[in-house]
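Colleague: As a plain string of letters, each chain reads:
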Amino acid sequence: MLPTGCSRRLVAELQNALDSCAERQRQLERSLRVARRLLQAWEPKETPAPEPTPRPETNEEDQFSACTPSPQDLQELELLTQALEKAARVRKGISKAGGDKAPSLKSASIAASPPSRISAPAQASRRAGSHASQTKPPKGIRQTRVPAKNLPEQRLLSVADATYKRRGAQAVKPEPGLRDQQMVPSAAAQAPEAFMLKDKGVLLQLPVAFRKAASQNSRLWAQLSSAQTSDSADAAATAKAQFLQKMQTASGWPSAAEVGRLQKACSLLRLRMEEELMADPEDWAQEHRCLLTLQGLQAMVGQCLHRLRELHPAAGEQLLRPWPEGRLPRASSPCGGGADPVWSPQLLLYSSPQELQTLAALRLRVAMLDQQIHLEKVLLAELLPAVSKPEVLGPRWPALCRAVHSLLCEGGKHFLTILREDAPAD
Amino acid sequence: MGRRRRCRVGPDDATRALPEAIAALSRTLPAGPSPETFRRAKFDSPEAAPALWRLLFRVLSPGPPDGASASLSLEAQARSVKSALRSQGYPSQALAQLPDNGSQGSRQLLLALAWLLARGPLLEQLLAQSRVRLGDEMPVCECEALASPGPPAPGMGEAGHVDIRHLQWLMGKLRFRWRNLMASQQEQCALLGQIHLYTRGCHSDRSLGHLSVTETELLRDPEGGRQLLRRLESENARLEAALEWRRREQDTVLGASQPTFLPRSPEPGARELEPVARELQALWEQLQEAVEARRAAWEARHPQLQVGDRGPAWSAARRALDEVVGRDLAALQRAWEPGGGLTQPHGPRRLVRTEARAPGGPGLRASEVIEALRTQEAHLEVVLRQLQGHCRQELARLARALPGLIWIPPPGR
Numbered sequence: 001m002l003p004t005g006c007s008r009r010l011v012a013e014l015q016n017a018l019d020s021c022a023e024r025q026r027q028l029e030r031s032l033r034v035a036r037r038l039l040q041a042w043e044p045k046e047t048p049a050p051e052p053t054p055r056p057e058t059n060e061e062d063q064f065s066a067c068t069p070s071p072q073d074l075q076e077l078e079l080l081t082q083a084l085e086k087a088a089r090v091r092k093g094i095s096k097a098g099g100d101k102a103p104s105l106k107s108a109s110i111a112a113s114p115p116s117r118i119s120a121p122a123q124a125s126r127r128a129g130s131h132a133s134q135t136k137p138p139k140g141i142r143q144t145r146v147p148a149k150n151l152p153e154q155r156l157l158s159v160a161d162a163t164y165k166r167r168g169a170q171a172v173k174p175e176p177g178l179r180d181q182q183m184v185p186s187a188a189a190q191a192p193e194a195f196m197l198k199d200k201g202v203l204l205q206l207p208v209a210f211r212k213a214a215s216q217n218s219r220l221w222a223q224l225s226s227a228q229t230s231d232s233a234d235a236a237a238t239a240k241a242q243f244l245q246k247m248q249t250a251s252g253w254p255s256a257a258e259v260g261r262l263q264k265a266c267s268l269l270r271l272r273m274e275e276e277l278m279a280d281p282e283d284w285a286q287e288h289r290c291l292l293t294l295q296g297l298q299a300m301v302g303q304c305l306h307r308l309r310e311l312h313p314a315a316g317e318q319l320l321r322p323w324p325e326g327r328l329p330r331a332s333s334p335c336g337g338g339a340d341p342v343w344s345p346q347l348l349l350y351s352s353p354q355e356l357q358t359l360a361a362l363r364l365r366v367a368m369l370d371q372q373i374h375l376e377k378v379l380l381a382e383l384l385p386a387v388s389k390p391e392v393l394g395p396r397w398p399a400l401c402r403a404v405h406s407l408l409c410e411g412g413k414h415f416l417t418i419l420r421e422d423a424p425a426d
Numbered sequence: 427m428g429r430r431r432r433c434r435v436g437p438d439d440a441t442r443a444l445p446e447a448i449a450a451l452s453r454t455l456p457a458g459p460s461p462e463t464f465r466r467a468k469f470d471s472p473e474a475a476p477a478l479w480r481l482l483f484r485v486l487s488p489g490p491p492d493g494a495s496a497s498l499s500l501e502a503q504a505r506s507v508k509s510a511l512r513s514q515g516y517p518s519q520a521l522a523q524l525p526d527n528g529s530q531g532s533r534q535l536l537l538a539l540a541w542l543l544a545r546g547p548l549l550e551q552l553l554a555q556s557r558v559r560l561g562d563e564m565p566v567c568e569c570e571a572l573a574s575p576g577p578p579a580p581g582m583g584e585a586g587h588v589d590i591r592h593l594q595w596l597m598g599k600l601r602f603r604w605r606n607l608m609a610s611q612q613e614q615c616a617l618l619g620q621i622h623l624y625t626r627g628c629h630s631d632r633s634l635g636h637l638s639v640t641e642t643e644l645l646r647d648p649e650g651g652r653q654l655l656r657r658l659e660s661e662n663a664r665l666e667a668a669l670e671w672r673r674r675e676q677d678t679v680l681g682a683s684q685p686t687f688l689p690r691s692p693e694p695g696a697r698e699l700e701p702v703a704r705e706l707q708a709l710w711e712q713l714q715e716a717v718e719a720r721r722a723a724w725e726a727r728h729p730q731l732q733v734g735d736r737g738p739a740w741s742a743a744r745r746a747l748d749e750v751v752g753r754d755l756a757a758l759q760r761a762w763e764p765g766g767g768l769t770q771p772h773g774p775r776r777l778v779r780t781e782a783r784a785p786g787g788p789g790l791r792a793s794e795v796i797e798a799l800r801t802q803e804a805h806l807e808v809v810l811r812q813l814q815g816h817c818r819q820e821l822a823r824l825a826r827a828l829p830g831l832i833w834i835p836p837p838g839r
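Protein sequence lines, in the order shown, are assigned to chains A and B. Start counting the first sequence at 1; every next residue gets the next number (my numbering). Start counting the second sequence at 427; every next residue gets the next number (my numbering).
A couple of the hints might just be wrong.
What the hints assert, rightly or not - With a straight-line cut-off of 30 Å between C-alpha atoms, the simulated DSSO-like cross-links for lysine-lysine are: (1) 264/A - 508/B; (2) 92/A - 198/A; (3) 86/A - 264/A; (4) 468/B - 508/B; (5) 413/A - 377/A; (6) 377/A - 599/B; (7) 264/A - 377/A; (8) 198/A - 212/A; (9) 468/B - 413/A.
Since the hints were made in silico from the structure, they are not lab data. A quick note: this is a predicted structure, and the numbers were derived from the prediction, not measured.
Let the hints inform the model, and build the full structure from the sequences given.
Modeller: Printed below as a string of structure tokens:
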């Protein structure tokens, strides 16, 4: 058993570590849920409406809300369906010797949900092709490519509809609108007409209102960044500096910037010291260099302390107080505060999922190591004293020592063995 | 379009511009008080005080506002504001002396706000904190995770002693959680890669190329899309207000209010310097120890090469070493002196999947970040091993003191 204070502190530290891990996991789970849902089939009634070319009279709400199809649309759909059925018949007629299949196909297709049963791409691709010629080349290529593939049956009408929505509305219908998005569910209500990102993701398009807002957003952020960085030449900056100066001299305390610099200096110096201490010099030159570096570091620390005492003459007295109970500061991160932060997000380019996975794994590994180092320092501060008095613990000491050794030296993963050397029986 | 108006400062200009500037400030601050509140605060009206306490609380508390912090009483918020200002080095003692019930001191609060605004890009920081994130972001450094270590967990149910086996169990649980985390992270990356691949070419912004999860989600879920759009638009409004404030800064209260002469008091500043002072002192002592040890070792190993020797070959080599070390340390010093750049990439970045190999294009490449992370990983591993080795030595020393026990290290050591 460990002493009370020690127990409390250690349990608190470990619990803290567990909590921060759990928090990361929660955040990851949230985004995983969203991503998984996106890669599954989307609900049919939420089929995305790739916005046809700008329609100024359509107000924002219409972009997202459902509309009921007009009789005209149903008629057009019926025409399309018949055309597809005919194509199916033709193909079936060619592929199967028996012609009696065709009539059954036809009747079946009209009776049940027709669109999902049809598979012949020929007519659809012709139609798509004619529409495609009106599209911008990249989208057009994609669209003709899609019907050319050997599509499974239920995908076909979705594709045709997507094409139709994109261009057909313009060419064929006098009245623009978004009722297109309802054509699929209303005509094929029972059809498992699902949108799969994998197959048709490339057809997606962001709504106009959103695009406008997003580009305005990035423009404003860019303006704000540049407005800030060009401040230095301005009257505003001098006014600010004067104001701060007035407040500062009124109280006589060091500015936060100065303290921040000292903190950064401290952590960088510590890092460097640790590097030097770990280095294993191979020859006298390296050894000497190490010594010189350490001396230099000590001198720099001395300078910092000197500057500190200048700022706060009373600081010297407080330095004699022992380290208070509480968290050890983490000095291992070299990230300083923003030197010149850019406010709008910059890009991180990756070329393959494997690369991204490597990056993410490394990031987590660094975070984990950092946490482990912190825990190690805390554990060693508490546990080493706890085992340093074997006489107090008596017979329980070896077991405790073994456990402490495992925690401190092996990360809790491996254990050593302790054998008691008995006096030989005579 | 001229971003800055050259303000010919006439009294008419000033009186007209000031309310507009205040209005802009009010529009851009989160939960901003009305311009009327600001005006009242200038006259130290007590009615304006609660709103300003709440504003400062919102501004100074780290992270986005959650239910817990919003429901704090005015008193608790006021106390939190005072402590936050103290830790940021706010020089005025007068504010700390205001009553906690939040009923007074609107003029002092206004002064504090002006101080915060003058010190740094406060508005930009606030806006960035609550920014609508449209892309899939990944931080490239661990700053944010480390910055908020969180308070130590409150006292656990068990009173007093804890068996060491409980600690072992907690450690094992921690290891398991990390493993889970890594696995989930790998899955997320794979899914992101897929989504980016499937939506290639869909983004109106060619430099991005594909959609992000947020953008794809808004297409899948129109209701969510509407909400996102609303948030985006309100952020745009705040951004415009912030830009307007920047344009009019010189017209504002900064020049107008004169900070009254404040009495000196050792408490506030000392608190801030304490931890740094302690750390520096500890560092100095460690270095002292290390230098002495190394010097002693040197003198024992190379008795003929005194550190201050003057032999010709020795001094040439020594001068060279001096120079190298000097340059090294100077470079180190530059890292924290003003103007020192960050050596590592920083902050969250939007992920973009691209085949392009164009160097010098915008954005950071994953391969570079991987390099930097590998270096960091190697360094941290060394530090950890060193700590573990230190423990091993200590325990071995203890073991040697007790005869009659044989210590068999675990396999592989």
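Colleague: None of the hints should be skipped; say for each whether it holds.
Modeller: Hints versus structure:
no., hint, in the structure
1, 264/A - 508/B, "holds (25 Å)"
2, 92/A - 198/A, "holds (28 Å)"
3, 86/A - 264/A, "violated (76 Å)"
4, 468/B - 508/B, "holds (20 Å)"
5, 413/A - 377/A, "holds (17 Å)"
6, 377/A - 599/B, "holds (19 Å)"
7, 264/A - 377/A, "holds (21 Å)"
8, 198/A - 212/A, "holds (27 Å)"
9, 468/B - 413/A, "violated (63 Å)"
Comparing the model with each numbered hint stated earlier shows that hints 3 and 9 do not hold.
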